[in-house]
Amino acid sequence: MSKFLKRSAQGAGVPHHKRTSDLETVVMPVPSKIVLSMGQHIGAPAAPTVAKGDQVYVGTVVGKAGGFVSADIHSGVSGTVSEITTITAPNGAKQTAVVIIPDGEQKVDPAIAPPQVTDLKSFQDAVRASGLVGLGGAGFPTAVKLAPKNLDEIDTLLINGAECEPYITSDNRCFIEDTHHVLAGIKAVMKYLEIPKCIIGIEGNKPEAIAKMRAAIDVAGIEVKELPCRYPQGAEKVLIENCTGREVPFPGLPSDVGVIVMNVTSVAFVSKYMETGMPLVTKRLTVDGDIVKEPKNVEVIIGTPIQELLDFCGGLTDEPGKVLYGGPMMGTCVADLEQPILKNNNAVLAFSKALAHTPKMSNCIHCGRCVNACPLGLAAKDIVQAYNKGNVELLQELNADLCMSCGTCSFVCPAKRPLAPSIALAKILMKNGGKK
Amino acid sequence: MANKLIVTAAPHITSEDTTQKIMQRVSLALMPTLIASVIIFGINALILTAVTVIACVVFEYLYCKLVGREVCISDFSAVVTGILLAFNLPATLPWWMAIVGAFVAIVVVKQLFGGLGYNFANPAIVGRIALALGFASKMSSYPLPANSVDAFSSATPLAVVGQAGSESYVTLLLGQHGGVLGETCAITLIIGGLYLIWTKVISPIIPVTYLATVAVLSVLAGQDPIYQLLSGGLILGAFFMATDYVTSPTTNKGKLVFGIGLGVITCGIRFFGTMNEGVSFAILLMNLVVPYIEVLTRQDRLGIAKVKKTKEGAAK
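So the sequence lines, in the order shown, correspond to chains A and B.
Be aware that the first sequence starts at -9, since it is given in my numbering, and climbs by one per residue.
Be aware that the second sequence starts at 26, since it is given in my numbering, and climbs by one per residue.
Please note that the accuracy of each hint is not assured.
Claimed, not checked - No more than 27 Å apart at the CA atoms, straight line, and that leaves these computed lysine-lysine pairs for DSS-like: (1) A:Lys202 - A:Lys187; (2) A:Lys379 - A:Lys406; (3) B:Lys46 - A:Lys343; (4) B:Lys163 - A:Lys8; (5) A:Lys262 - A:Lys350; (6) B:Lys29 - A:Lys343; (7) B:Lys29 - A:Lys283.
Keep in mind the hints are simulated off the structure, nothing from the lab.
The model shown is predicted, which means the values in this text are computed figures rather than measured ones.
Bound-form chain B, shown alone (with noise of 0.2 Å):
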């Protein structure tokens, strides 16, 4: 009895949140754009999006296996790598394609950098652009929504907006436009992306502020705002990606920085580079120079200041 009593440091509680839960959570707030891209492209959107998922989920399996890590799959973590990865590819792109980019995402990027919580930059946002880079005809033909506008039509009666040839907010908002799976519905992303922040699995201020640096360089640039915001894999990016714990800084003021930073590089792209598309390489590059951020945003820690600067002080 004397000996049986459990002896560790402190604390002896912990929080409900878990790696599972949270990866849950952004599994569960990606489910209505899932479905608003059934509802546009048709079941080969689910069908994709299955393929991607059980092929990460599978290949993280095999390597921890083949290496003799412990196996984590149940963190969720690959599903929700293989989720983001099916909404970066159009509907139309062959299975053995989106196989591809789950090994570049969960082999190459991942797994071959120490696992979960190790990989430099966001599997996702890698395997789709190893894809675009390789495939580039396949990955950037667009599909046109496969229930035809007829569905929607009652629905887009406003005017076309932005230059010519673009979309009205309306269809950027419903995601009734060619595009990949996930980016399309803008309406149901933020849905998931409020979600996340209500549930306080991701903070507000990368999305918001890569938003609102987008928002202002395009009004600066003589662009329509809303058309930007709404338009390519921008609210996607912005919620879900760019918010990927492991590549994002995680202080308040690093976050700030990475936001900017991001809008900054896209609205480069955009308006200044040969692709259409810069949200992509903007959450690539921003991944690579988290470290550095981290280190120059650190927070003030209480009492620490006050002796640097008489420190300071008196050696001057």
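Excised from the complex, chain A in its bound form (with noise of 0.2 Å):
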């Protein structure tokens, strides 16, 4: 009841369209080529350590970490270096990447070798060389992560397997194909860290994946929890909110409240590298959407280009409107197929022109679906209201910057207004002091 008048929160009930989550993931072939871009991660760009025309091998590191909060980068392919060029990614910066040209014999970097970890220095420093970011979409340096200041606080262990994005399920499949991988590196984590306690969570869509993990739990201390089917669930305020009842404070950290959240695919990554020491060079993804003819769950080799993902997933049967990276509600738009897979990314959906039509937007009626639906609780028709009149007292006052960019507030608008994407130019107008 105190929540009911507090904030309602009620989140949104997005499609799920997982009709891929049966489908076993499938390996792709050596690509043409692969373009590795320096900036996959949250956090300073890596530096490229190749020149043209080297030879380098699967796990080889071909950008350095540029800093503290960065990751190294590694090539998936045996091959040689062909050019050191620069790509628009998606944001619209610009990035240094390292294309490869793969010989196809794959023949892998003679020093990969599995990292002798025996205590909390010697987990994180493998953690930083394995090149591992946030695989759950933010990016984030995994390393970083893993070192907080205030360690000695950390209590629990989330592990955010709520996939609550429409069409992915390549987290689900990461549960049922790699449960052993998943606890592995869970105990570790919680083993190195000193963590007590450990919380899955996974949405109420993926029963086989509750039930496998639940199965497969054969220490104290970790526990999973079913959360339910309302977008956005794998928010990481909402999660540890669900989960453990604590209010991450704003501006702060999961750590200023004993959490650290982790994707499950990050999870088992770690375990996966302490057994053979090769670097994050594949990752798998959910390919889907309207056009896609097979779709897949596909482990493809970072760096590969959309096109030759798409080819794999038996091309498009029609002409293609928007191609997304991750999922239709915070995944962003490529501008062209050439683009190549991210560390990050944990999906590619391609959509007909029909599907990607943006529909007409009309007055707001205050029916407050919007303010209703925010799980921050934000007033997403008052911070748009206040950003129109560039209002930036009230745009501190209504808390715009708290905003993460769910775009719970678009989805359910009646009016189809654009209230997401405002919001984030209302955050720019926040930070420039007014200036627009």
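Two chains, two separate frames, one set of hints: put the complex together.
This is the structure we're talking about:
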């Protein structure tokens, strides 16, 4: 009842479209080239360590982390560096990229060996060397996440397996196919960071994943929590509140309330890396959308051009309207199909022109759906109004900068107003102190 | 090929709900009451409703054309206003007066303030009030049911309860008594209201708190609460007029305040005022304070309250 008056935070009943959830992952063969962007994570871009003509192997470092908050980039193929070029990322930023032409032999770099992990320090170093970034989509360097300043106050490891975006089922397949690695990764993090408790949050629309994980858990302190199917369950702050009842202060980090959140694919990768020492060079993706001929879950080498991935899935049945990195709620449009797969991608979705159509917007009728749906309790309609008036003070009062761009407000709006993008602009206005 | 892809900001999908669908549902929810009013008051009820609906839509169309605003009659909001306005009129009202009411509702209250979403008060309520003040005698001569009591006489054997001259509960529920078109038959109004709650078009908070407040205050004032709930325009107002999105608060807290305020004003007018009906004025008055309620009843933002407290604590 108190929550009822405090913040309704109803979220949105987004369609699931998870028709690929029972499709076992298939491995895509080596593509004709890979393009490795040096900016596949939050933080400083990596710096190329190879030059044109260099021979690289599977697992060879081609980009060195550009700072503490950064990550190494590795080659997923053996072959020759054909050029160091500049590509335009979907957000419009220019990124340096290493282009490699595979020789097809997939020779593994001789330096690859399982890391020697004995304590926290060596564990953190191993994660750093693996090039792992948050694979749920954010792309935050995992090594940084696993080195919080208040490590002794962390009492809960939260595994994010909500996968609340429509269409995407790659995390679901991770639970089902890599059950052992998920559990081993969790145990490793709990052991080296001395975290006593772990909660695995999975949305109720993945019963097989929930059953498999529950059956696999063989130690105390790890539990699976079934989450309601309301978007955005997988948003970090929402997940933390639903699983632990704690509110992450703003501005602040999950570690401020004693929690570290890791995506399920990330934690499974930690275990794989400790077994083999092979850094992050492949990624499981859901390829779906109304014009994809054969929707699939695909394990693909990072850097593969989207066009080749789509061809592997039987190609497209119609001219594409939109192609997305990620899900339809928070995913980014790609401008052309030569764009490469990035570490933090978990889906590539292709939609026909009909589905990509942007509905016509009409006047706001103050129905309050955006207000009551917002998981954070923001009043989207008021924020957009304040933005249109350029009222930065009001934007601050409304906490517009808290918005995480989950898109729930835009989704539920019956007048089809682009609320989430407008709030993103409002945040920029706040940052610039009122200058548009 | 490469440059043909559409690039927009996320999200890339939206819900099935549209303004048009919502307004159509509201219209649908009002249909049982329209049928009841035709049974009770005769074909005149249907004709009057048709007149107001057509007048509202035509005024909306003409005004938009006149000022070069995009014509949006397809969103059905003018239809809803038309039906609600008719429901607030006695079946015997001359058509031209109804058209005046439609003009006030659509042109004066809605379009002059900017069109859908910008009206400060419920158009149909202001239309009714304008007519009630301008054509007082015509507006307050409530016709008795057209088809006489015979049709329902077997259903009304219950003793007359409440004050002298008041109707029995069953009569009130079925609407077999004098009144305006849409406020007599409580049962069909409640069915329509429940349909809107079921389809999530409206939240139950405003109707529930409004009706509960009236019931509680009636008991405290020594009045018969059931009689108070079922008579006048209360049920129509609570489910269909007070819940108008544009002129009601958006948060749960705000809706609670709004509903209680409506109940208090309605009872104040009914028990102490010279007018026998308080619903229209209660809704109008509360419409006017909605912007203030909105500001004062904002939701808690996740993770914000805590930071603020510590900041204030540090300042002190």
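Hints, verified against the model:
no.: 1; hint: A:Lys202 - A:Lys187; verdict: 19 Å, holds
no.: 2; hint: A:Lys379 - A:Lys406; verdict: 20 Å, holds
no.: 3; hint: B:Lys46 - A:Lys343; verdict: 24 Å, holds
no.: 4; hint: B:Lys163 - A:Lys8; verdict: 61 Å, violated
no.: 5; hint: A:Lys262 - A:Lys350; verdict: 47 Å, violated
no.: 6; hint: B:Lys29 - A:Lys343; verdict: 10 Å, holds
no.: 7; hint: B:Lys29 - A:Lys283; verdict: 20 Å, holds
In summary, the structure is inconsistent with hints 4, 5 from the numbered list given earlier, while agreeing with the others.
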